[in-house]
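J.: Chain by chain, the residues:
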Amino acid sequence: MTTDDAGAERESGIRARGLVLAAVLALAIVGATAAFPAIVDARAAYEIPVEQQPSADGLAEPTGDAWESVETVTVPMSSSGAAVPGGSDTAVDAVSIEAARTDQKLYVRLSWSDPTANASTDSLRAFGDAAAIQLPVSSEAQPPIAMGSTDKPVNVWYWNAADGAESLLAGGPGTTTQIPESTVETTATHTGDRWTVVFTRSLPSDRANVTDVDPTRDMNVAFAVWEGSNDERSGQKAASEWYYFSPGSSSGATPYESVLWAVAGIAIVVTTLVTIEGIRRTRSE
Amino acid sequence: MSKTTDGTLNQTDDGDVPLAEGVDHQVAMVMDLNKCIGCQTCTIACKTNWTESGGREYMYWNNVETKPGAGYPHDWEEMGGGWDEEGQSRTPGELPDEEDYGRPWDFNHEAIMYEGSDEPLRPMENADWGPNWDEDEGAGEYPNSYYFYLPRICNHCTHPSCVEACPRSAIYKREEDGIVLVDQDRCRGYRYCVEGCPYKKVFYNAQTKTSEKCIFCYPRIEGEGPEGEVRPPSCAEDCPPQLRHVGFLDDEDGPIHKLVNEYEVALRLHPEYRTEPNVYYIPPYAPPQTSESGETVNADRIPLNYLEELFGPEVESALNTITREREKAERGEESELMEILSTVNNDDQYRLEVFDDDD
Chain A
1 MTTDDAGAER ESGIRARGLV LAAVLALAIV GATAAFPAIV DARAAYEIPV EQQPSADGLA
61 EPTGDAWESV ETVTVPMSSS GAAVPGGSDT AVDAVSIEAA RTDQKLYVRL SWSDPTANAS
121 TDSLRAFGDA AAIQLPVSSE AQPPIAMGST DKPVNVWYWN AADGAESLLA GGPGTTTQIP
181 ESTVETTATH TGDRWTVVFT RSLPSDRANV TDVDPTRDMN VAFAVWEGSN DERSGQKAAS
241 EWYYFSPGSS SGATPYESVL WAVAGIAIVV TTLVTIEGIR RTRSE
Chain B
1 MSKTTDGTLN QTDDGDVPLA EGVDHQVAMV MDLNKCIGCQ TCTIACKTNW TESGGREYMY
61 WNNVETKPGA GYPHDWEEMG GGWDEEGQSR TPGELPDEED YGRPWDFNHE AIMYEGSDEP
121 LRPMENADWG PNWDEDEGAG EYPNSYYFYL PRICNHCTHP SCVEACPRSA IYKREEDGIV
181 LVDQDRCRGY RYCVEGCPYK KVFYNAQTKT SEKCIFCYPR IEGEGPEGEV RPPSCAEDCP
241 PQLRHVGFLD DEDGPIHKLV NEYEVALRLH PEYRTEPNVY YIPPYAPPQT SESGETVNAD
301 RIPLNYLEEL FGPEVESALN TITREREKAE RGEESELMEI LSTVNNDDQY RLEVFDDDD
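For the record, the sequence lines run as chains A and B.
Numbering-wise, our numbering puts 284 at position 284 of the first sequence, and it's gapless, one number per residue.
Numbering-wise, our numbering puts 92 at position 92 of the second sequence, and it's gapless, one number per residue.
Just so you know, these hints were derived from the structure itself, not from any lab.
Cβ atoms here follow ideal geometry from the backbone N, Cα and C, with glycine treated the same way.
Wrong hints could be hidden among the right ones.
[Claimed, not checked] Here chain A is said to cover these stretches of chain B; the calculated rule only asks that three of the stretch's residues, wherever they fall, bring their Cβ under 8 Å from a Cβ of chain A: (1) 85 to 97; (2) 182 to 190; (3) 202 to 209.
[Claimed, not checked] Sample of chain A residues lacking proximity to chain B, with all beta carbon distances greater than 12 Å (derived): (4) Pro76; (5) Pro204; (6) Asp206.
[What the hints assert, rightly or not] A few chain A positions that, by computed beta-carbon distances, are all more than 10 Å from chain B: (7) Ser96; (8) Ser139; (9) His190.
Working from the sequences, and respecting the hints, build out all of it.
T.: Here it is in structure tokens:
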């Protein structure tokens with residue numbers, strides 16, 4: 001064996017190791033790229049993903065199977081501190097929120113612990129359990145959390161265990177006004193020691209001063225719950241901070257999203273291989 | 001000018017009667033408790049007009065209760081509401097329940113009318129409290145027991161804590177005459193006004209899910225009542241002994257202004273609640289006490305401190321003024337006060353058109 005042969009053999013060994021290294025690197029990059037969407041799916045603070053569902057089956061039902069696959073966000077609640085008697089005395093400290101949509105409707109499920117179902121206001125001293133979803137009338141705005149303001153009004157989807165659903169408009173505390181013939185619908189159930197309530201509404205607004213839900217954009221949202229057995233009503237309520245509905249993912253990534261990530265992964269691998277090959281050729285010259 | 005028990009001025013230096021901010025005139029009523037016979041005609045007149053049905057069955061916008069007594073609703077004077085000593089903050093009040101007002105009773109009509117039962121007609125159960133339940137019980141020991149009747153409506157206060165209590169401004173004082181009304185479209189049934197009224201004269205209607213109250217028969221005083229004439233509220237007009245004067249507090253030529261601000265013989269019920277009621281009362285007289293043998297004793301039958309509890313410390317001076325004026329009349333001298341209190345002319349009692357040409 002000549003030194004040249006030995007040199008050639010050594011060179012071919014280096015080349016083989018380089019190819020193996022490049023292949024491992026390429027695989028690692030492809031793997032990381034494939035995993036990336038899962039990493040970026042981790043939810044941001046105050047985000048409530050709105051999951052698209054192919055059909056409305058079961059979504060309008062508080063215990064519908066369709067809700068099992070929807071991500072639950074636990075929203076902490078605290079007294080709104082409104083200037084009414086007992087304004088800082090509230091019972092509920094957290095509400096579980098889930099949101100889903102079809103092409104036509106938005107569905108929001110609220111669930112919270114409440115050992116007593118107060119579903120009648122027939123007595124002079126009875127107050128019904130209640131819950132509400134607050135949305136800015138104009139989706140660009142983030143109104144003051146307490147019922148909005150004159151400039152930045154809010155829509156409130158209100159449910160009361162005694163009286164059912166109402167759609168409300170407010171421009172500040174004490175201004176709540178019912179919007180007639182509301183398209184907000186609710187279904188509710190009290191099982192064990194929990195209320196579960198689903199609010200349903202068509203995505204597009206059907207009139208002035210009613211929030212137009214654009215499912216492709218983020219939208220501010222806040223929540224409130226009233227415990228009837230604690231005489232909660234009006235501003236005596238457990239309320240959340242502003243959260244936002246995000247377009248979120250559908251069940252499984254959308255095809256165009258997968259294609260985009262695959263193209264990006266292949267591009268990175270090709271670029272890396274071309275670079276390695278370039279370096280190798282430069283060395284061997 | 002004089003000071004009321006709660007420290008507010010009854011009359012300003014230039015003689016004008018102070019009214020609530022933003023109110024042009026203030027309707028007012030004076031009830032002479034010495035004339036009330038407890039017949040409840042006012043109660044029924046009000047009820048047939050306004051609260052016969054539709055979730056209002058339990059409501060008596062006008063009621064007549066025996067004092068001393070628990071009243072309607074039961075022990076309403078212990079339920080809080082009104083303003084603190086500075087008159088700035090409201091004090092928390094309670095929501096009465098059905099039992100406090102008195103539930104409607106089921107009677108054994110069926111058994112008696114259709115099943116041939118010969119038992120007496122009576123409530124079947126829970127007949128242990130109701131409006132006017134403690135009628136004529138009063139207090140004191142024979143032969144010096146005492147009681148009197150106290151008709152009560154909404155006081156249409158100058159400083160109403162019910163109005164302040166509503167976070168939605170659904171209850172308000174009407175600009176033209178200070179009548180306190182609940183806007184049925186704005187009300188969401190929170191009941192802060194029911195809690196906040198220390199006289200418990202706002203009522204929750206569990207059927208309409210809104211609160212309701214005495215409206216001072218405003219359609220009648222606006223001339224929308226019977227025959228299109230201006231008439232006083234039904235409770236006043238239908239009263240057999242005609243014990244009420246109705247008019248405006250700021251009608252300085254009227255009897256109400258004279259009784260309240262000039263002679264100071266018409267007093268507010270529980271002035272310490274500081275809502276400044278516009279219903280005033282001529283405090284009741286009673287015969288003096290008698291001994292076991294029936295001799296008249298020089299002692300008040302109705303204890304002065306009890307009357308002070310109800311009408312404030314001015315009650316003694318009011319009673320003295322009336323006594324003095326009555327003695328004048330007895331001597332054949334002229335007494336404007338006695339003329340006002342004993343008039344049988346409705347035109348003098350009801351002055352509701354004095355400001356009609358204002359505008």
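J.: Hints first: check each against the structure and report whether it holds.
T.: Now the hints, each set against the structure:
Coverage of the segment 85 to 97 of chain B by chain A holds in this model, with 4 residues showing a Cβ closer than 8 Å to a Cβ of that chain against a need of three. Remark: the segment 182 to 190 of chain B is confirmed as covered by chain A, as 3 of its residues place a Cβ nearer than 8 Å to a Cβ of that chain, reaching the required three. As drawn, the segment 202 to 209 of chain B meets chain A at 3 residues by the rule of a beta-carbon pair under 8 Å; at three or more, the given contact holds. Against the 12 Å criterion, Pro76/A stays outside the reach of chain B, whose nearest CB is about 25 Å from its own CB.
Consistency note on Pro204/A: stated as away from chain B, and its beta-carbon is indeed over 12 Å from all of that chain's, at 28 Å minimum. Non-interface status of Asp206/A relative to chain B is upheld: no Cβ of that chain comes within 12 Å, the nearest being about 23 Å off. Non-interface call for Ser96/A relative to chain B: holds, since the shortest CB-CB distance, roughly 27 Å, exceeds 10 Å. Listed as a non-interface residue, Ser139/A keeps its Cβ farther than 10 Å from every Cβ of chain B; the least gap is roughly 27 Å.
The beta carbon of His190/A is kept farther than 10 Å from every beta carbon of chain B, the shortest such distance being approximately 21 Å.
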